[in-house]
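Protein chains in written order, with the numbering used here: chain A, 1 to 278; chain B, 1 to 266; chain C, 1 to 249.
One should not assume that every hint holds.
From the structure, some residues in chain B lie toward chain C, with a derived Cβ separation under 7 Å [what the hints assert, rightly or not]:
#1 Ala-19
#2 Pro-47
#3 Pro-53
#4 Pro-110
#5 Leu-112
#6 Pro-117
#7 Pro-125
#8 Phe-131
#9 Gly-132
Distance ranges between label pairs, derived from CB positions [claimed, not checked]:
#10 B:Leu-177 with A:Glu-251: 46 to 54 Å
#11 B:Trp-41 with C:Gly-156: 50 to 58 Å
#12 A:Ala-178 with C:Leu-75: 42 to 50 Å
#13 A:Ala-178 with B:Phe-130: 55 to 63 Å
#14 B:Phe-130 with A:Gly-151: 53 to 61 Å
#15 B:His-156 with A:His-70: 26 to 34 Å
#16 C:Glu-145 with B:Ala-68: 55 to 63 Å
#17 C:Glu-145 with A:Leu-120: 55 to 63 Å
#18 B:Ile-94 with C:Gly-156: 33 to 41 Å
#19 C:Ala-234 with A:Arg-32: 19 to 27 Å
These aren't lab readings, by the way, just hints derived from the structure by calculation. For every residue, glycine included, the Cβ atom is placed at its ideal position computed from N, Cα and C.
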Amino acid sequence: MTAAVLPAAPSAAHRGDPLIAFRGVSLSLGGRLILEDIDLDMRRREFICVVGPSGCGKTTLLRLIAGLLHPDKGEVVYDGKPVTAPASDIALIFQDYSKALLPWRTASGNVSLAFEARSLPKAERPARIAALLDKVGLKQHADKYPIQLSGGMQQRLQIARCLAQEPSVLLMDEPFGALDAMTRQVLQDEVLRIAESAGTSVFFVTHDLEEAIYLGDRVIAMSPNPGRVTEVFDVPLPRPRNQLTTREHPEFLRLRRELFDFIQESEIEQTAIEESKA
Amino acid sequence: MRKIRDMGRASVSKKTERALWSVASVAVGLAIIGLWQYIAWQKYVSPVFLPGPDRAWSALLEGFESGALTERTLATVERMAYGWVLASVLGVAIGALIGSSRVARQYLGPTLEFIRPLPASAMIPVAIAFFGLTKSMVLGVIAFGSIWPMLLATIHGFASVEPRLIEVARVLKLTRLEFIFKIALPNSMPDIFAAMRLGLTIALILSVVGEILAFQGGLGSHILEASRSFRSAELFAGVILLGIIGLLSNLALGALESRLLRWRSQ
Amino acid sequence: MKGLVVPVTLVLVAELCARLFGITSDSLASPSQIIAAAVGIVADGSLFTMTGQTLFAAVVGLAIGGGLGLVMAILLGLIQPLARLMHFSVEAFRPIPAIAILPIMLMIYGFGYRMEIAIIAFACFWPVLIIGQAAVSGIEPRLIEVSKVLGLTFLGRVTKIVLPAALPRLFVAFRLAAAVSLIVAVTVEIAMNPQGLGYELMAAQSSLRPEVMFAILLWVGLIGWGLNAFLLYAQNRLFGFAGKLEVPR
């Protein structure tokens, strides 16, 4: 689109340049304004969490980065170039994991799909599939069909398939929302581990405020109608994170309070706006 | 420990219970045959119309020993199989073509929906008009009649791919061909299999009708001739044989289906 | 509307070809000839007669076969031991194609209504039995318990609880059987019985009047489609989502 704005599209290898940037992005879907004038930067190896009430367009942000949607105004830039189509090194993890898996393939088969799409030589696949399944803790379940796996295992399988893309960016759409608390915590730590070891940048959408603070380097709070970025919080908590100690850290508690107040205020504001419209 | 053992015992007795019921139901089946035999003996119905199972059975055996029935059975089965395979391949192929294009679905869908309830046998006079009373006419009618379930099932399967999977395909940048073979077709498999079963039934029926009309040999002609000369035992033997063909082909397909569709349920 | 584009185009092309090339054929007819023939058989009442013959046989066969199937479905659906005992016999007789019964009925009844109705009844019996049995045995067991606690007689239970509860799925079975009755009727007439739409189809072909043949063919298609569409509409009106076989959880 407006590639001329960026001088000769330099690679964003320079630490300063953002890996992903939203520049004045607006998008309407079905006649409704979903996102309005979004400006956002995401750096390499950063873990960004996005929170906000339903309808604030968090999922739409993900889809824009993934290239599944295109902005009406403004542009989404990835690695210096505007996003026009899905990039092979951006992986998207859906919330409804069971629908994103191929029910007729085993766990190995599902992971294999990503390799097939990349035309990886057949001989290399078995070893790499096994390694990935091992990484997400599904080694014993390689020959099981999705219907035989629990919710947590299915989500892990989806993560494995996304990792097969060797992504530079992981987009995660409320991935743990449908899972029980224990599984959620286990998977949170696994995502942190994977992101750290592979140097992956993560864009994580969630409803859960504590989850956002626990995982992220920055938390972006959005408001709905229309969706816009209202506040960005820095999360200066030490890494590696720990389910027990980090969640008791004074900084965690302070941020939690701040975020909670903020969400509450924006909800009150929302209600006021709606009532004034009525 | 004890609880598990008790559970084990309960499941064993459930198995034997089920086996007993199966035996009992077979016994009931045999009793019905016995009743049939009794009616035949007592001549409550004229033996011209209702042969006893004994006569039907001996007619069956004789037919196979002399080779007459063997030949005809094979002719019918062959016809049915060829027609059905042809219909399946064409049905899935054309269905995939139409199904993978939304435009095609929109333009052709209603026409297909209109043709679907049309009795396949109604195309027989048209086929005779074009091809005459030949073997290939019968084959053509069988294929034409049995293609619809597979065709429509493939289109439906393609149209009902989980939208999430379509997005996964986009994110993974699958080509159109890859999408058809790796996602759309496997997704349609359950529907296609159900359709193939129906198609098989239709193929058998059309084979028989074709044989009755065109005198192409096979069991259809056989039972017609038998009825015309009031040879009820041979007639019943033929009917039973047709039932067996229907049963076995369905079972075979069902076994194949549960093997290939293992992923649907444990 | 998009759906009409293809058929209308084909018809126009066919008409054009027929006029341009002036083909006369024993097996083809132009759309205008077909329409003329259709008007003809409506005007002289023959379409009415043949339709009546086919529909009469279909309806009576459906009533008998469907009725018996329904009774059996209720019995087998409610009395589980009976269902288990009959399982083998049902599975043994079910695969017999209705058309195979034709020579038997021909032998017994000769040509005419009775033979056709008997075959249609046989064909309609099975889908109603199989689907109906599943419908009845799939009724919420709680409802059956309620009927027992209320002290209803067997007949009372059937009419007040079983039938209403199973009605949506029973209607689906009925829809299927209705389609079967029409198809079997036409098939029997094509194969053997000298009456009704099927027979007239064959007669038109063998007397080399393709325009009449195609006219009747279109009419048969229209009846089949119309019947299906009507029953589907009725199902949605009466039962809404409950008519679907698989109730989403």
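Hint check results:
| no. | hint | verdict |
| --- | --- | --- |
| 1 | Ala-19 | violated, 12 Å |
| 2 | Pro-47 | violated, 12 Å |
| 3 | Pro-53 | violated, 12 Å |
| 4 | Pro-110 | holds, 3 Å |
| 5 | Leu-112 | violated, 9 Å |
| 6 | Pro-117 | holds, 4 Å |
| 7 | Pro-125 | holds, 4 Å |
| 8 | Phe-131 | violated, 9 Å |
| 9 | Gly-132 | violated, 10 Å |
| 10 | B:Leu-177 with A:Glu-251: 46 to 54 Å | holds, 53 Å |
| 11 | B:Trp-41 with C:Gly-156: 50 to 58 Å | violated, 42 Å |
| 12 | A:Ala-178 with C:Leu-75: 42 to 50 Å | holds, 44 Å |
| 13 | A:Ala-178 with B:Phe-130: 55 to 63 Å | holds, 58 Å |
| 14 | B:Phe-130 with A:Gly-151: 53 to 61 Å | holds, 58 Å |
| 15 | B:His-156 with A:His-70: 26 to 34 Å | holds, 30 Å |
| 16 | C:Glu-145 with B:Ala-68: 55 to 63 Å | holds, 58 Å |
| 17 | C:Glu-145 with A:Leu-120: 55 to 63 Å | holds, 59 Å |
| 18 | B:Ile-94 with C:Gly-156: 33 to 41 Å | violated, 53 Å |
| 19 | C:Ala-234 with A:Arg-32: 19 to 27 Å | violated, 38 Å |
Hints 1, 2, 3, 5, 8, 9, 11, 18 and 19 from the earlier list are contradicted by this structure; the remaining hints agree with it.
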